[in-house]
Amino acid sequence: MEGQEPNHSRQRRSALDKNIKILIVDDFSTMRRIIKNLLRDLGYNNVQEADDGNTALPMLKSGKFDFLITDWNMPGMTGIELLKTVRADPELAKLPVLMVTAEQKREQIIEAAQAGVNGYIVKPFTAQTLKEKIEKIFERIQAAG
Amino acid sequence: MANTEFQRQLLDEARALVAALEAEDGEAAEAALARIGALRESDIFQELGRMTRELHDALKEVELDDSMQGLAQVDIPDARARLNHVIEMTDEAANKTLTLIEAAMPICEGLEDALRHIGEGWSRFRKREMSVEEFRELSREVEQFIDRGNQELSALKSHLNEILMAQGFQDLTGQIIRKVITIVDDLEDSLVGLIKKIHGDIQPRQKKEDPLAGPQIPGRESDTAVSGQDEVDELLSSLGF
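Those protein sequence lines, which keep their order, are chains S and W.
In this text, residue positions in the first sequence follow our numbering: the first is 1, and each later residue adds one.
In this text, residue positions in the second sequence follow our numbering: the first is 146, and each later residue adds one.
Take these hints with a grain of salt, some might be off.
To be verified - Reference excerpt, derived from the structure (chain S facing chain W, CB under 10 Å, subset only):
id	residue
1	40
2	42
3	44
4	102
5	103
6	109
Since the hints were derived computationally from the structure, they do not count as laboratory data.
Remember, predicted model here, so these are calculated numbers, not experimental data.
No residue lacks a Cβ here, since even glycine has one placed at the ideal position from N, Cα and C.
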């Protein structure tokens, strides 16, 4: 699923680098706060929020984010549309994307995988799951790079 | 009765028509034919009138179904207001809890730091690596920590109590949602009654699949839903993740 865009200039960063810039996209502010708090507990403090894909996209384009965590079902632009848009944009195509969603049908998980998602977490989830998935994503990116 | 009356009149007019034709009275025949036409029209109008009355009665019956009217005009808007209130209450409780946790976390971290600092000093003292001057400093710090620790722990306890109180939303939203379930039950009964009145019976239907099904409901899971993170991981690893 990775590695379709060889000419990406953004510096590779590992999960150990706690300064990576993360964008959380979810229409529920409480869920954004929960994820933000969990990330802070894991040491990631450079976190911003958006409430759907339409708000997230301009932030991603101008903000030099290193990681995207997105919900699926949101009014406006959904998470899967955001993922596909990100993968289609040469500037953003390599951005690691973790989906955190209540959508748990097999065909949806397969659709997200085919669209190039890097990780998939179903709600409700634990702090440990979030930590593991983030670490795994960076491990794989480092192994591939 | 109306029908036999109609048939008798029709027979009379037919006889008059035959008599007029046999008598080669063209005018009388025309007149008899016209009366037969009028008779037929009036019969159609009567039939139409009867159907209209029946339709009117049927509509009135539906209209006058009091429970249906109450549901549409009062109960459903009421249910909507109740459910919106549930969203507000759960949102408020979650945000309040998060705010209190976000306030409590730095207190814990501050206490952790202070304890670590004092612990390091204490272990140097135990190993006799500490000058008298340093020990005096450590004593002052321990004293300060006791004061500060007490204050901060009582702040922490008050935050925990407020988090406890914020969980009261569960009771209230539970009661509200139970009322909405009653309204949905009544609506179901009314709709089933209405469909039976119109169609006579009810055809079983398949549930329409929502492409964005969201959280799965126990006992109502989609056939293709995974049961949790482990199955997600399994599926993704089978896809080469």
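Checklist line | Violating hint indices (sorted, rising) | finding: 2 and 3
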